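Undergrad: One-letter residues, chain by chain:
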Amino acid sequence: MNLRVLLIAVLSIILVPAVLVAYSWIAEKFVGVTIRGAQTREQVRSYFWIAPAFLLLAVFLVYPVISTIITSLLGPQGHKFVAFGNYGYIFSNPDMLIVLRNNLLWLVVFTFLTTAIGLAMAVLADRVRYENVVKAILFLPMAISYVAAGVIWKFMYQFQPAGATQTGTLNALIVSIFPGFQPQAWLINSPGNTFALIAVGVWIWAGFCMVIISASLKGIPKDVLDSARIDGATEMQLFWRITVPLISSTLTVVVTTMIINVLKIFDIVYVMTSGNYNTDVIANSMYKQMFIFQDYGRAAATAVILFLAVIPVVVVNIRKFVTPS
Amino acid sequence: MSSTSALLDHAEPKKKKPSSAMAGERRGISGFLGKLPLNLVLVVFCVIWLVPTVGLLVSSFRPATAISNSGWWRAFTPPLGFTLDNYIHVITQQNMGTAFLNSIAIAVPATIMPILIAAFAGYTLAWLNFPGKTGVFLVVVGLLVVPIQMTLIPVLRLFNYFKLTGTYPGVWLAHTAYGMPFAVYLLRNYIGDLPRSLFEVARIDGADNFTIFYRLIIPLSVPAIASLSIFQFMWAWNDLLVALIYLGGFPNVAPLTVAISGLVNSYGQGWQYLTAAAFVSMALPFAVFFSMQRYFVRGILAGSVKG
Chain U
35 MNLRVLLIAV LSIILVPAVL VAYSWIAEKF VGVTIRGAQT REQVRSYFWI
85 APAFLLLAVF LVYPVISTII TSLLGPQGHK FVAFGNYGYI FSNPDMLIVL
135 RNNLLWLVVF TFLTTAIGLA MAVLADRVRY ENVVKAILFL PMAISYVAAG
185 VIWKFMYQFQ PAGATQTGTL NALIVSIFPG FQPQAWLINS PGNTFALIAV
235 GVWIWAGFCM VIISASLKGI PKDVLDSARI DGATEMQLFW RITVPLISST
285 LTVVVTTMII NVLKIFDIVY VMTSGNYNTD VIANSMYKQM FIFQDYGRAA
335 ATAVILFLAV IPVVVVNIRK FVTPS
Chain Z
1306 MSSTSALLDH AEPKKKKPSS AMAGERRGIS GFLGKLPLNL VLVVFCVIWL
1356 VPTVGLLVSS FRPATAISNS GWWRAFTPPL GFTLDNYIHV ITQQNMGTAF
1406 LNSIAIAVPA TIMPILIAAF AGYTLAWLNF PGKTGVFLVV VGLLVVPIQM
1456 TLIPVLRLFN YFKLTGTYPG VWLAHTAYGM PFAVYLLRNY IGDLPRSLFE
1506 VARIDGADNF TIFYRLIIPL SVPAIASLSI FQFMWAWNDL LVALIYLGGF
1556 PNVAPLTVAI SGLVNSYGQG WQYLTAAAFV SMALPFAVFF SMQRYFVRGI
1606 LAGSVKG
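Chains as they are written, first to last, in the working numbering: chain U, 35 to 359; chain Z, 1306 to 1612.
Same shape as in the complex, but just chain U:
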């Protein structure tokens, strides 16, 4: 173990809150001593209390948004004005079109599967006594980082040539069921590899969807369902005509949350394929533009496209959040 790092870790854990508490104390004393008049005092005090948050937001969010938009109109090193040249490149370069196609695939398949599995599992588990166990098991991957999940699934997808002992769980399983099956290099063969990556994302997020949907299912009054059953409705009719409409607002939240997640998906692709073999996505391609090709103009334009794609979805989500239901 590295003693220096340990020391820094312990010190910073103590010092960081100490500095912040000291700041608020000094601000309070300063205001108390120097400002006369209750109203002015409260105003000045407010500015002191809100200043740290305000500064951080200004420096790390407001300024960068403006700066990135400007950078996206400039050349690689930010000297020449190229207008919408970077955007033109993104929407015409064959590699970038594959990136956009992949994001679209992620958007549709990932969002559909996470929501559908979450909904199905929530409804089904609601009928058994071990519901909480199912929930915990499906939710567990949420505690795992994308990086660790990437390692876990690289291991699942491992590939040996036909005839050799398959050490990857997926290939071994399929070969043992269908002896004639040619083992697949799941992460290399395009376009199946993008679906292999999407499966990892679904594995991580489906439990999240299930937990939220399940919480909302519990809010449906039992007597509504029971009286419909007495009226002779089948379970399928109950599901489509009563359950789904009653939890539709929750489903909207889940779907929008998944869309926001999936548009920004980065870690899974970075860890598992680095975007090779036609699996690249917007966020990873931006990273590559930044650090491998050193083209800040294109990287910034990629980020702006991501930003524009996220805005409408988030606005819908925030409206739901801000207006009390």
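Straight-line alpha carbon distances no greater than 30 Å define the calculated DSS-like cross-link-like pairs of lysine-lysine that follow:
1) Z:K1468 / U:K114
2) Z:K1468 / U:K322
3) U:K322 / U:K114
4) Z:K1438 / U:K63
5) Z:K1468 / U:K298
6) U:K322 / U:K298
7) U:K298 / U:K114
8) Z:K1340 / U:K252
9) Z:K1340 / U:K256
In silico contact screen, one side only, chain U against chain Z (beta carbon under 10 Å); selected entries:
10) I47
11) W59
12) L158
13) I171
14) D301
15) A317
Keep in mind the hints are simulated off the structure, nothing from the lab. Here the structure is a predicted model, which means the values were calculated and not measured. No residue lacks a Cβ here, since even glycine has one placed at the ideal position from N, Cα and C.
Dock chain Z against the given chain U, drawing on the hints supplied.
TA: Chain Z alone, transformed into the frame defined by chain U:
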């Protein structure tokens, strides 16, 4: 505001279901068999969800030759050959010990800072008066839409200029700022819901702002703070992107996520170390998950709209 409390109550563990007329409240084996298809589907999904993690866990205790020669499911057929070598190796040789400490040194301050600063701001926005208050709050909520990617290039330039690249304070500040819009939004609403009479009584008793904040606001906001802290901690601990961009070229300060993703790229087939390293990185999140599942679910739920 009711939206916040609704948000936090959302994932409350559910009370035991009242028994209903539904089929399947029958107990025991006959009940299980009576709903065989249902149970089968649920069990199959649980197995699919568990197998990947279990497979890696088992492998992390197997020697290198066994890992490359047979599947992890063979580990239970004699002769049994489990070993701790992989863990010992990654912690001592692969700098995972240092990376673990780095992750703590990054994630803990990156949790305390945003929550304390957001609590300052939340208290101000909820209970103090100053011109432009509503405008400030709207801007904060509006910033929820900004994806981190929008900020990477300018912030990296700033960090290079101020020599913050490759330092803990740089990453703390970044995590703090990125977590700020949601933390302010949530805490402002939560603190705003506290009864006004509390503050009036405290003022009459002569408490100053400092006392009111640390003796009244913070203790009363514990439920919201707990959820936020768990969420923010998990987010900072599991983060790859922020660490990669601002700490990428500096292995001595790299957290576990960066160290492991480096291992993935350099080892290729050298699975034994990667498996152990992955589990070292999961240890703390799992501990949090199992001990505070309830708060964790709330926190994750609350964090779901973060930009």
